[in-house]
Structure formats: C-alpha cells, structure tokens
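A.B. asks: Heads up: the sequence lines are chains A and B, in that order. Just so we're aligned, residue -4 is where the first sequence starts under the numbering used here, counting upward by one. Just so we're aligned, residue 8 is where the second sequence starts under the numbering used here, counting upward by one.
Mixed in with the good hints, there may be bad ones.
[As the list claims (entries may be wrong)] Straight-line C-alpha distance at most 20 Å; calculated EDC-like pairs for lysine to aspartate or glutamate:
(1) B:261 - B:244
(2) B:81 - B:71
(3) A:323 - A:60
(4) B:186 - A:60
(5) A:218 - B:55
(6) B:81 - B:69
(7) B:301 - B:312
(8) B:186 - B:244
(9) A:323 - B:244
[Claimed, not checked] To give a feel for the contact side, a few chain A residues facing chain B, derived at Cβ under 8 Å:
(10) 196
(11) 208
(12) 211
(13) 292
(14) 296
(15) 300
(16) 322
(17) 329
(18) 344
Think of the hints as simulated: they come from the structure by calculation, not from any bench. Note that CB positions come from ideal geometry on N, CA and C, so glycine has one too.
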Amino acid sequence: MAPETQLEVQPAIGIAEQLLVDEVAVREAPSWSRRLTRPWLLALAVAGAALCYVGFRPPGSFDGEPRWATLIVGAILLGFALNTLARRSFGPGYAPSRYLAAGWLILISLSAIFASLLPLAEARNASKTLHSPILARLDIFSHHPLGTDRQGLDTLGGVIFGFRVSLIVGVGSVLLGIIVGGLIGMVAGFYRHNVDRVVGVFTDATLAFPPLILLIALATALKPSVWTLTLELAVVTIPVYVRIGRAHALSISQREFVLAARAQGARSRRILLREIAPAVLRPLSAYGFVMVAVMIVAEASLSFLGLSIPPPSPTLGNMISSGTEDFKTHPHLVFVPATALFLTVLALNRLGEEAQRRFSHRETKL
Amino acid sequence: MYAQVSRSWAWLGPKRLLTIGTRLLRLVFVMFLVSTGTFFLLQLVPGDPAAAALGPGATPQDYEQVRSLLGLNKPLGERYLDYYSQLLHGNLGQSLFPPHQDVSHELLHRAPVTIELALLSLTVALSLAIPIAMWAAARPNSYIDRFFTGTSFGFISIPSFLSGLLLVFIAVFHPGVAKTVVALIFVWAAVAVARPPIARLRSGHPMTRTTFFLPSLAAAVLLGLAAVSYFLFPAFDTQGFSPFKLQDLGPNIKSLTLPVLALAFTQAAIFIRVLRSDLLHTLGEDYILAARAKGMPAWHILARDALRPSLVSLVTVASVSLGQLIGGSVIIESLFNLPGLGNLVFSAVLRKNFPVVQACVLMIATVYIVINLLVDIAYGRLDPRVRRGA
Chain A
-4 MAPETQLEVQ PAIGIAEQLL VDEVAVREAP SWSRRLTRPW LLALAVAGAA
46 LCYVGFRPPG SFDGEPRWAT LIVGAILLGF ALNTLARRSF GPGYAPSRYL
96 AAGWLILISL SAIFASLLPL AEARNASKTL HSPILARLDI FSHHPLGTDR
146 QGLDTLGGVI FGFRVSLIVG VGSVLLGIIV GGLIGMVAGF YRHNVDRVVG
196 VFTDATLAFP PLILLIALAT ALKPSVWTLT LELAVVTIPV YVRIGRAHAL
246 SISQREFVLA ARAQGARSRR ILLREIAPAV LRPLSAYGFV MVAVMIVAEA
296 SLSFLGLSIP PPSPTLGNMI SSGTEDFKTH PHLVFVPATA LFLTVLALNR
346 LGEEAQRRFS HRETKL
Chain B
8 MYAQVSRSWA WLGPKRLLTI GTRLLRLVFV MFLVSTGTFF LLQLVPGDPA
58 AAALGPGATP QDYEQVRSLL GLNKPLGERY LDYYSQLLHG NLGQSLFPPH
108 QDVSHELLHR APVTIELALL SLTVALSLAI PIAMWAAARP NSYIDRFFTG
158 TSFGFISIPS FLSGLLLVFI AVFHPGVAKT VVALIFVWAA VAVARPPIAR
208 LRSGHPMTRT TFFLPSLAAA VLLGLAAVSY FLFPAFDTQG FSPFKLQDLG
258 PNIKSLTLPV LALAFTQAAI FIRVLRSDLL HTLGEDYILA ARAKGMPAWH
308 ILARDALRPS LVSLVTVASV SLGQLIGGSV IIESLFNLPG LGNLVFSAVL
358 RKNFPVVQAC VLMIATVYIV INLLVDIAYG RLDPRVRRGA
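Chain B with its partners taken away, still in its complex shape (with noise of 0.2 Å):
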C-alpha cells in the first residue's frame, strides 16, 4: 500500500503546502536582505561610477550630466528607494558603459552560456560519479576501490583553477600526450570491465546476459571510445567560444569541452565520495543481506536495490553544486574566456559598472536559494523516511 501512495502526488499534502508557502515567504524576505546588501556593499567601493563610466578626458559639464543621469548626485536613501521600486517594476536597470543596453537583456544574452556550462559539467560529473561510486562500493577495499577513493581524495584537493590550467597544458599544448593518455584510460576500463566475463569464459560458469554478454559489451565500447578518442582527437583552444546552434553542435561542444571536463572532476570526486559512502552504508543493511542470500545478482542489488535510497545525499551534494555552477564559474569562465555571467560580473566589478553587478548577483542569488528549495521538496520524493519524519 504504502509503495502505491509513495508513485503518486499524494505526498504533497496540506501540510507540506503549508511548510512549502513558509518557505517561499522566507525566501522573498532572503531575496530583500540579498538585494539589499549588494546595494549597500557597492556603495562601499572606492572610485565613482560616473568617472569610470566616462574615463579620461571628460569635461566636468559631462560628469555633472552623467551623474544627475544616474541619479549619484541624490542622497542615499533617495537612491536606495529609487533603485528599489524600479527593481519591483521589473527594471533592472542600465549597462554605465556603451552600448548602454538594459541588463536584463544582457543576463539573458549570458546566461545561456552559464546554464550550459554548468548542467553540461554536472551531467558529465554525475555519468562520471554513478557508475564509478558503485564500482568502488561493490566490493570495498578492493585495488578498484582504493584506487577511486584514492583519486577522488587527489581530485578534490585541486582548485578549478589548477584543473584548467593542467587541461590546458595536457590537451592544447601536448595533444600527443593527452590522446595517449586518454586512450589508455579507456582501454584500462576495458580491461577491468572485461575480466570478470573472460575469468567466468575459462571457469566454465554458465554465461547469462547480465554477467558476460553486457559487459562484454561494455568494454567493447569502451575499447571503441579508446580508438575514437585517439584517432579523432580534436585541437583544442583556450580562445574562441562558439555559441550554441542546433544544427552546428561541434564547434560549441568543442569549445566548452575544457571548461566542462575542469568543473566536472572536481563535481565527479566529490559525488564519488559521497554516494560510495552512502551505498556502503545501505549495502550493510539487513534487506540487502536478504536479497544476496535469496540469490540476487550483484549488479541487480547494486542498481535496483541499493542505489535509490542511497542518492538522497548525492542530491543535496549535486544541487548545491548546480547553485555553486550557475553562480560561481567565474574563475573558469574567465579562463577560458567564455561570455557567461560569471565573467561578465567579475568584468563588472572591476569595471564599476554597478547596475549589471548589482542584477547578476540577484539572479545568482535567486537561483541557489530556489534550486535549495526544490531541494528540500525533493527529499520527501525520493525518501518516504523524511516524508513520514515530517
């Protein structure tokens, strides 16, 4: 009974409502501290807008227009009201330098680059992380299990920064050594994923299709992705974003690739770590214990029985990733020199041109605290646990 009530939307209760409605009312007081305190904080930066927005060789007739233009030569409560109530109007304001276009049409000029970036690296951390985490947990201690956890702890400790940089000098200025490199990592896979079956082949235990017809598979594939990677290996660029077009996907793929795969392992090892433990911990359990003894296959009690209650951390850990994604590719953006938000409010603050800092960090801001929320209304979904606690 309870499985079929857990399928529909009946979780979703008056109750949960009620608590979802406090949320959002706490939130939109969140949201007017958040504004509020990027008002005040830029107004603590030394050196005038207005004279950055002119630069030199302006007459002083000029500053007084650009100043009563942007409203600097009224007081500050007078501006902080001002500000407030085209916010509520929906005007976000105007760009100080040229082309003076409004800000809201250049966050969404940006912020599909972002998005982009940012759900490109946490599916390929995740297609990265599921599977591995699983590997390890599978028989933990094992030379494959301490090899991940090994790597994973390496991958963590390495700012986004450094990861770009060291893609950087692998994949642009040794391609040699990286197709190399990354080709051998594949074949490595495939040996690992192809010895179970061959030892099962010599043994003489009966092959079925879970135990040696898809592995084999697999590690056909993954030999096949070793030859492509070799043979195919593109020429990479620090430079030069091409923007997202259906019809034309390469170009765009390729010139993200970098700053894709740089954000993504350090996602992946974090993930790693999180979901081994967390698989550890449920794989201990008494159900599982009677799932193996009823003679389950490993594999089906790994990804039909252990995995789901074992995500919820993963979760929390992949969304406040995606938050920190959106808002917080500043260094690789700027990096790779992609026109994403996180350049163009790095670019802002050090240009002075507050309006476009003061909408960007709103936005980014709004983002985290709603994707914290969904969050939160996730959890119920995905662990009847946490539905009944509340």
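Bound-form chain A, shown alone (with noise of 0.2 Å):
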C-alpha cells in the first residue's frame, strides 16, 4: 500500500525525473573495462613498464619510430593499467589529476630554484661543451638523460634554466597584474561614474590590441632581460585584472558587509582596503593559474619569434626554435622543450580550473 501513496503524492516531474534516470541506468550497463579483472590488469601493468624499459634503453640499434612507438604504446599500458587499478582500490572519489598537477608544478619549481646546486651536465656556455656527444639521443640513463644539442648543450639542463624563466616572467607579470590592475579596478568599480569611465576607455583602448603585436612591439622597444620581460606581459595582464577586479568590486560593493561597514562610518578608503581588497582578492587569485599558463604561453611565443632572451641563454621557445632546425633527423631537440612546455601549461590549467571551482563559484554569476 505504501509505494503506491507515495507514487499519488509525488509529483508528475518526480515519475519523469525517476523514469529517466532509470533509463540510464540500463544504458550505462556493464562497460567493457569492468571485464578486466586484477590479474589481467597486473600483467598490462607489467608488460607496459617492460615495453617503457625496451623504450628507456634501447638494445644497440634499436631506434627511431619503432622505438618511440614502443615507448609511447607501454607509456599508454601502464598509465591504464595503473589509473585503472586506483580507481577499483579508491573507488568513485579516486581523482589523481590535481595531486599529479600540483606535483609537477612543485617538481619544476624546485628544479628551477636549485638549478645550481643540481648535478646538470653544462646548458648553457658552449665554451664548455668541447668534449660532449653532438645531437646525443635520448637515454635516461646516460650522462645527458633527455640528450644533448648542436652545441653539445644539454637538453635537460636546458629545459630546467628555461622553466626558471618561464616561472619568473609568468608568475610575476600575474603578480603586477594581480597588485596593480585588481587595484585600478577595484576603485573603479567601487567608485564608479567618471572614475569607472576614464579607466574602462584606457582598459578597452589596451585590450583593442592584438595581445601577441603588442608584445611584439614593447619587445622590439626594450632590451629583453628576464625583468623587461616580466615588465612586458604585465602591460598585457593588467588590463584583463582591471576588468576582472571591476565585475567583482561592482558585486560586492552591493552586499551587507559593505553597508554595515559604512553605516558604522567607516571612510572610503577603508571599506576599499579592509572589505573589498580581501573579497575581491579571492576571485583574482583564483584567475592566477590560467594567466600564469597563458603568459607562459606567450613568453614561450616570443622567444619562438627570437624576441625573447637570446639563444646561449636557454629558454623553452628558443630551444624549440632553434631545434627545427634538426628537426626531421633529430625530432627530440623540439619534442623535450615542446613537452615540458605542454606539461607545465596542462598542470596550471588543470590547478585553475579547480582553483576557479572552489574560489569564484558565488561570484560566477556577474
């Protein structure tokens, strides 16, 4: 007798709400990888780190596609078989991107403060570089783990001094941006009128040039060095935190706090810096990680260009302009660069987009 009152009780869109998720429940039966059971998925692990190991080191001749190939099909195995197993022992909670992002970030920054201190075969002065192997190949396990280049420079050293770069021009270009333009925009957006006016004509007149032309132009004007640099993509990340900072400081100069505080008469410039300043720092933030990945981007753009720190000094776009060089008979002097460049973009738009979940999630709607 019950289920049927309940059915009379509930409500039409209730029946339809449950009808559906019945009819997805049948849809989303068995899938094909629940099939493979434990044993099977050990031994795909296994057969994946042997097919990584083939591909690591190489037996004598083997190179080339083949040996790329293989190394890519066991990177693919094991990575399956591996994620695959987690999931079945964590179960549904199990989502390892953000520790593995978050670990690869740290991983880079450490390498890039201690790069010194780390036992690198030389990367940079090609003085020093008389007796390495030219054009060396990847081997893990050698002296030059990712190889070396025309110059006998070492790759993987490389790689670290030019993420030293990347994470000082991006990361301090996002941190003016954030302090200057969350500023401006925030006391237009609280003041308003003629205040908002003036710096929404300079913030448009700035975002009406095509990012990249603009950066091309400012690095033509100035010397580059790791501070211009920085300088540079700041003028670009400024106007896009004027704009940001603005919505939120519109927002939330409309909520209670904001009323109570001057109620209690409090000035101007202490509601800005004691009520705004922390709310709309939040959201701000939370855009920090997408713009420290699209800065990156775009240093790594203009040193593709040959607009950025010049060659003897490596960073991640002139390793990979100047490995196109080579780059049909030796492919790995652009993929290495190229990958840690994508790797490290990946981690920071993978942190953001969780940083912008958790920050932003009530002011979304602006």
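Both chains are sitting in their own frames, so use the hints and assemble them into the complex.
C.D. replies: This is the structure we're talking about:
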C-alpha cells in the first residue's frame, strides 16, 4: 500500500525524472573495462613497464620510430592499467590529476630554484661542451638523460633553466597584474561614474591591441631580459585584471557587509582596503593559475619568434626554435622542450580549473 | 506573441539604437587612443628608421635626404600632427623599403590571406566542435564524454606554434603515419556512430529515419572519408603558399590545410568545453524534462530544443577567437611562411618599417573592436533574456 500512496503524492516531474534515471542506468550497463579483472590489469601494467624499459634503454640499434612507438604504447598501457587499478581500490572519489598537476609544478619550481645545485651537464656555455657528444639521443640512464643539441649543450639542463625564465616571467607578470590591475579595477568598480568611465576607456584601448602584436612591439622597444619581459607581459595582464577586479568590486560593494561598514562610519579608503580588497583578492588569485599559463605560452611564443632572451641562455621557446633546424633528423630537440611546456601549461590549467571552481563559485554570475 | 516579435527586427528599438550609438562613440575614442598609443610606442623603439631603410653603404647626404623625406627631423609633436592629418585623410603612408608602395595597397594585398585563414579555421573548429559537444553532452560522464573532455583539455594546453610543429612533423615528415592515424580516427568515429543503430537492429526496436537510417548514412560517409584520406593523402609542404583562385582551388586549400588545422584544433577544444558545459546546464532545465516526458527523441531535444539557448557563450568565444585569428596568427603565418597580415606586421616590426606597423595595428584593432561590438548587438538577437534585461 505504501508505494502507491507515495506515487500519488509524488509530482509528475518526479516520476518523469525517476523514469529517466532508470533509463540512463540501463544504458550505462557494465562497460568493457569492468570485464578486465585484477590479474589481467597487473599483467598489462608489467607488460607496459617492460615496453617502457625497452623504450628508455634501447638494445643496440633499436631506434627511430619503432623505439618511440614502443615507448608510447608502453606508457599508455602502464598508465591505463595503474589508473584502472587505483580507481578500483580507492573508489569513486579517486581523482589523481590534481595531485599529478601539483606535483609537476612543485617539481619544476624546485628544480628551477635549485638548478645551480643540481648535477646537470653544461647547458648554457657552448665553450665548455667541447668534449660532450653532439646531438646525443635520449637515454635516461646516461650523462645526458634528455640528449644534447648541435653544440653539445645538455637538453635537460636547458629545460630546467628555461623553466626558471618561464616561471619568473609568468608568476611575476601575473603578480604585477593582480596588484596593479586589481587595485585600479577595484577603485573603478567601487567609485564608479567618471573614474569607471576613464578606466574603462583605457582598458578598452589596451585590450583592443592584439596581445601578441603588442608584445612584439614592446619586445622590440625594450632590451630583452627577465625583468623587461615581466614588465611587457604585465602590460597585457594588467587590463585583464582591471576588468575582473572591477566586475567583482561592483557586485561586492552592493553587499550587506559593505553597507554595515558604511553605517558604522567607515571612510571609503577603509572600506576599499579592509572590506572589498580581501573579497576581490580571492577570485583574482583564482584566475592566477590560468593567467600564468597564458603568460608562459606568450613568453614561449615571443622567444620562438626570437624576441625574448637570446639563445646562449636557454628558454623553452628558443630551444624549440633552434631545434626546428634538425627537426627531421633529431625531433627530440623540439619535442623535449615542447613536452615540458605542454605539461606545465596543462598542470596550470588543471589547477586553475580547480581554483576557479572553488573560489569564484558564488561570484560566477556577474 | 513573443516568438513573433523575436523573428522581426523589432528588438532594434530606439533605446537599443541609442546604446549602439554610445558604443560607436566610445569605439571612435578607443581607436584614437590605439593609434596614438601605437605612434608613441614606436617612438620608443631604439634605432633609426632612416638608417634601417638605407642600409649600409649610404652617404650622409642620402641619410639627411631620407630623414627630411620621412619628416624625422621635425619635432615629435609636429610629426604626430602630420601623422594624424594624413590618417584622417585616409592616407596610411608609404612603406620605408623598396618597393615604396602605399601601405594601404600592401594591406589590401595581404589581408585576404589572413581573413581566409581565420574564416577557414573558425569554420573547421565550429564544425568539429558543435557535433562533438552535442555528442559529449548527450550522455554526461560516459566514455565518449570523458574522452572528448579529456582530449579537449589537453588540446587547450598546446600553444599554436607547437600544434603547428606537431602537424608538420606528422603530416610532412611522416605521411605514412599521418594517413593511417587520420583513417583510424574516421573509422573509430564511424564505429561509434554506427553502434546504436546496430544495437537497435539486434534488439528488434522499431527503425525510423532518424534513429536508424541517418546514423547509418553518417557512418557510411565517415568510412568513405577514411578511405579518401588514406588513399588520396596529399604530400604537404611547409612552404609555398598558393593564392586563392576560384578556378583552381586545390593548391590553395592544400597549402592552407596544415595552418588551418593547427589553428582550428586549439579553437575547437575551447569551443567544445564552452558548448558542452552550457548544453549540460540547459539540459538540466525543466522544459527539457517536459520534452523528454512527452517522448521527444533525444536528437530532437539536443538539436532543436537545447542547442540554441546554449549558443550564447559559444558566440562570444568564437567571435573573440575570430578577432584573435585575424590579429594574432603571427606565429602560424611565420611558421608556414604565409603572406598574411601577421607575417607583414612581424617583419615590419623587425625591420623598423613603422608606417606599415602603425597601419596594421590600427586595422587589426579596428576589426577586433568592431567584432566585439557586433557580438554585443547579436546577444539580443540570440537570447531574449538579455534583450528583456536591457
């Protein structure tokens, strides 16, 4: 008797929803990966690891495309098997990508900071590499784990010193953007009227320049170094942060706690710094990760075009650019720095997605 | 009644025209700031354009002559006023390098390449993204959905010059691998499209035009594409652009394929993410539930009911992309040696050919701003809620 009464009480939409849920449940019947039992997965993982080992430590003349195919297939097998095993053991809450992303960023930041202490082969001064092998191929267990370039400079060392430039420039320009741009945007959003109009026109004008062309013009005007690059990229980040800061300040200054502060007799400056700034800072820094990723790509693009720090000192972009000379015969010269750049941007985007979901959830509807 | 109003041009009322008018005024002011900014930014660039134009082996008399010809010996303020009066007369100046053509002539010569590149890559990106996003959003968290979400997240993180290099590596250096991969992707898509109709055939469900014949047709077309791409895979090259000719489109399309794909993949990845999340939001609304409860087929709900309200963010993002593509395909153009605007402005900056830089930046910025304005106007056409709010 009980279920019938329940059905009568339940609104029509509820019934429809239940029907749909049932339909979906039937459709998402056992997938093919569930039929792989644990021993099979373990065997797959071992096979993948073996293929990876063969790829990393090629026996004799085994090189070129077959070696890369072995390595890639091995990595995919190993990753798939370990991932499925871990998902089975840890249950539905298992989401390793954010930890992998954070781990990668911590790894590259630490290695970039302590680059001079690491036992790396010479990567910057071509006069010290007379005895190094030229265009050495990738061999994880050798003295040059990621190979060497045409001048015998170590690729791994180059990538790590390149990270140093990328991270300083990316993080520095975004910090400048948050501080300067966020402050201007906050003031514009708080005072509104004429302040807002003036700031708005200047922001529009800066954002009307296509960013890369603005950067190219700035890069030719200033002598390239880490600090001028940071300033150039900050010219791009500041107007973006003005926009974001303004939008958030507009909505936050309508909130009750601002009204309460004003009712208590607080002056505008105090409200700005004590009430609005902390509330605006959170969404601004949530955009930070993605902005750092964009700026790292922008710096890499500039140095790919030869407008950033010039070749003897390595950056990811100029390594890729000089690697294109031997692209056909020695693709690792392009693919190693390219993979490093890609993984960094991927990790920053992943964390940025997480941060935006967490910090700016309430303010998303602006 | 409401639907009838929205199909006419009544939404473009006096209030809206006034808003557009103020936006236009603002646009003019922003253009003024952009041109002034470009002029003074270029004054900061070290080095002498006259010396750059003459090159080595010029006499001091030549130098003085060129300087006075270019007006470089006048004070900065006077030069600025000269530049502006010329600009207002529609004269963009002359290139500093031989052949000393009018900059406007050069711009008109170069712009079609960039515009073709931008429009083609936007079209490719949209025609990839819309079906894929609908396919992924149809069953959130399914294997298809997770595959496309993950892949698009990866593609977003590939800078355009890397995707260009990757395409060159695969398609130019290893065409055998490339054609196999392309053919396999098409075959996989065909299998995935053909699975539901085959299941239907087995289980004895009724077969209709939309649930059986259309997917089968799509699968057949995809298989055909796989065969075509495998057996007729052209030999791509990184150099050698052939201009647009209506009689003979083949070489033009072939020389643009790789740059277009390099730009389109990143754009498509962004579009897929935007459209998928908007579609999921729309599909959660009550009217979709009502349509489902009435027994509307899934494709009808997706394509006819949910797609249009979900397009707003996609239109914004796509138009921003179009602006960026017209202005910012510098890297792809220089990588593939395409004679477009991006390549022009890049080489002009390097050679300190200032009139060309000024004109290019001004033109690109204008396109950028006008596109943004058009998008704001188009919002009201697309989404009645925005119109009512305004």
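A.B. asks: Tell me, which hint numbers fail for this structure?
C.D. replies: Violated hints: none; all satisfied.
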